[in-house]
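Undergrad: Read off the chains here:
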Amino acid sequence: MKKSDQKKYWKTNLKYLTVLLTIWFIVSYGCGIIFVDELNTIRMGGFKLGFWFAQQGSIYVFTILIFVYIRLMNKLDKKYNLDS
Amino acid sequence: MDLQTWIWLLVGITFALYIGIAIWSRAGSTKEFYVAGGGVSPLANGLATAADWMSAASFISMAGLISFNGYDGSVYLMGWTGGYVLLALLLAPYLRKFGKFTVPDFIGDRYYSNVARTVAVFCALLVSFTYVAGQMRGVGLVFSRFLEVDINTGVIIGMIIVLFYAVLGGMKGITYTQVAQYCVLIFAFMVPAIFISIQITGNPIPQLGFGGQDANGIYLLDKLDGLHRDLGFAEYTSGSKSKLDVFFITAALMVGTAGLPHVIVRFFTVKKVSDARKSAGWALLFIMILYTTAPAIAVFARTNMIETVNNQEYKNMPDWFTTWEETGLLSFNDKNNDGKIQYVADTSKNELIIDKDIMVLANPEIAGLPNWVIALVAAGALAAALSTAAGLLLVISASVSHDLIKKMIKPDISEKGELVAARLSAVVAVCVAGYFGINPPDFVAATVALAFGLAAASFFPAIILGIFTKKMNKEGAISGMIIGILMMLFYMLKFKFDWFGGGTKEDWWFGISPEGFGTVAMIINFIVSIVISKFTPDPPKEVQEIVANIRIPSGAGEATH
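Here the protein sequences line up with chains B and H, keeping their order.
Under the numbering used here, the residues of the first sequence are numbered 1 to 84, in order.
Under the numbering used here, the residues of the second sequence are numbered 1 to 561, in order.
To be clear, the hints were calculated from the coordinates, so they are not data collected in a lab.
Check before you lean on any hint, since a few could be wrong.
Stated by the list, open to error - Below, a list of computed lysine-lysine pairs in the DSS-like style, where the Cα atoms sit at most 25 Å apart:
#1 H:Lys534 x B:Lys7
#2 B:Lys7 x H:Lys496
#3 H:Lys471 x B:Lys2
#4 B:Lys78 x H:Lys271
#5 H:Lys272 x B:Lys11
#6 H:Lys356 x B:Lys11
#7 H:Lys356 x H:Lys243
#8 B:Lys3 x B:Lys79
#9 B:Lys78 x H:Lys356
#10 H:Lys271 x B:Lys75
#11 H:Lys471 x B:Lys15
To be verified - Footprint (simulated), chain B over chain H, 3 or more residues, beta carbon under 8 Å:
#12 282-288
#13 320-328
#14 540-553
Predicted model, so just to flag it, every value in this text is computed and none were measured.
Idealized CB from N, CA, C, for every residue including glycine.
With the sequences and hints as input, model every part of the structure.
TA: Written as structure tokens, this is what we have:
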């Protein structure tokens, strides 16, 4: 693999990481902790929304984030022929 | 069939299954012993990681903790799952590419220093031992309550089982027993949850059920908030911890999860880098099933409990009440002598003390479920405790036989000799763990949660910096790890064990509890590492090339010495 390709590959990876970890931060620390009181004024059936994010929603999003990352990286590996 | 027969039957069948798997998957080489030969499929590894990770604390204690703390219990839910995002995105793929057997192996090689390796071995042993003692205690607890044997006999039976498959099969045996244990524990956790959810809300999916309505059309969570207000507790959905502390505890648990050696080492067992990513995804999916059900169980159990006991005649209590009173996990003291149970927040008036561990274990009895469901919960709790104990024992034995003996004391040891050493250290580790299970030091319960702080304060920064910066050198990493773990130990000893003058809640630095301090110690570790590395020589060229190499997934090769 060429040096310049290595750099590009790593840069794209870091870009994915930044986006996904930002979402990770927002759903847990943001919705579940920092803005929990504001979100609790909104209701979703029997759940207050902030409480739901802290005990349910954040966990679902975490799982989805990992699977999105797996997909993105598999595609990226393919593009640079690293999926041996 | 009566309850005892059911319990012996189900526990017996599951134990026979674990032993059968152990015999079938004996380890023949050090590679099989440490990393199961490196050929585990991502799905199997995901299942094994989930069982490895979900301990007696997750199975027995967590729903109870949430039950008593309501919203504040969210720290465990987010903290113990969010760490997997960090693992999958920041650690697992690169550590797999690096291709070694243990975490100290990575630290020692990446920081080209045996001092770094020794510090890492010390941290790994400290974290794993504090954690494993709690598991053996969990095994003893389940045996004493459900099989009516002495708690010490229970610990010894647990030791023999773990000894059998951990020593015989190493990582290979552990991996496949953990797959079976995951199936047992998740089934045992879900069956009562589904039953109770249907009973209370008519919805078979507990995750939706606890947001549903009871028979009178009142939302369950509103009803529980109301009950809490009436009894003087903090509102269930709001909690009482400070926001800052919730933030720091969640972060410490997340980062700690990502830094726990027995979790990280599971990602060394797959074939290639993309499999490491995949198994992290599977693992969290399997963990998610239990972790999203636990808060539902917490709500059901709490409502059931309050409605069954509060202001009711003591003499009318159901059978389970007296059975649990005998174990000492439930105690009633009729302070106003009216023959009724008053369960309120005000400690001077409260007459009932409930241990959090009861909530999951007694839940099926409280809800009046059939005997086989109660027996299933016993088998599930044992599966959870044994699978985690085995994973931890493997880390301990690998740290001794591989990191200490092979890498430092006697590098010319033969493959066979190392395997013997690994098995012997597993035996010693089981015995030490069993000793702590039988004679639990008071600090066990307190330190299991703190093991995360220790892992966060020591390993996490060293590994992250080792992957994401080429310039991080041994001076920076070693001083960061040492200062991080010392800060964490100091804070923990000061505020949990009253050393160094002790202190109360009011003396906490910035109002951060010892459980949340791991985050502070981790940040300090990062800062110290970065500052020191700026004033000391760069790492050698070869090491910088290793770092460039682990960032590219292809050609991960086999795990090597």
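Undergrad: Does the alpha-carbon distance linking Lys3 of chain B and Lys79 of chain B stay inside the 25 Å limit?
TA: Judged against 25 Å, a Cα distance of about 16 Å means the pair holds.
Undergrad: Verify the proposed pairing of Lys356 of chain H with Lys11 of chain B, using a straight-line Cα cut of 25 Å.
TA: At roughly 47 Å apart (the allowed maximum being 25 Å), Lys11 of chain B and Lys356 of chain H break the hint.
Undergrad: Would you check the hint for Lys78 of chain B and Lys356 of chain H, treating anything up to 25 Å between C-alpha atoms as holding?
TA: 50 Å, violated
Undergrad: Please verify whether Lys471 of chain H and Lys2 of chain B have alpha carbons no more than 25 Å apart.
TA: Holds: Lys471 of chain H and Lys2 of chain B sit about 22 Å apart, inside 25 Å.
Undergrad: Regarding the pair Lys272 of chain H and Lys11 of chain B, is the alpha-carbon distance no greater than 25 Å?
TA: 21 Å, holds
Undergrad: With a cut-off of 25 Å on the C-alpha distance, tell me whether Lys271 of chain H and Lys75 of chain B pass.
TA: Roughly 19 Å between the alpha carbons, so the hint for Lys271 of chain H and Lys75 of chain B holds.
Undergrad: Straight-line Cα separation of Lys7 of chain B and Lys496 of chain H no greater than 25 Å?
TA: Distance of about 47 Å is beyond 25 Å: violated.
Undergrad: Does Lys15 of chain B lie within 25 Å of Lys471 of chain H when you go C-alpha to C-alpha?
TA: 21 Å, holds
Undergrad: For the pair supplied as a hint, Lys78 of chain B and Lys271 of chain H, is the alpha-carbon distance within the 25 Å limit?
TA: 18 Å, holds
Undergrad: So if I understand the rule, the pair passes when the alpha-carbon distance is 25 Å or less; does Lys356 of chain H with Lys243 of chain H pass?
TA: Distance ~23 Å between Lys356 of chain H and Lys243 of chain H Cα, so the pair holds.
Undergrad: Taking a Cβ-to-Cβ distance below 8 Å as contact, does the stretch 282-288 of chain H have at least three residues touching chain B?
TA: holds (count 3)
Undergrad: Take the stretch 540-553 of chain H, compare each residue's beta carbon with every beta carbon of chain B, and decide whether three or more fall closer than 8 Å.
TA: Check passed, 4 qualifying residues.
The structure fails hints 2, 6, 9 and 13 (numbered hints given earlier, in ascending order).
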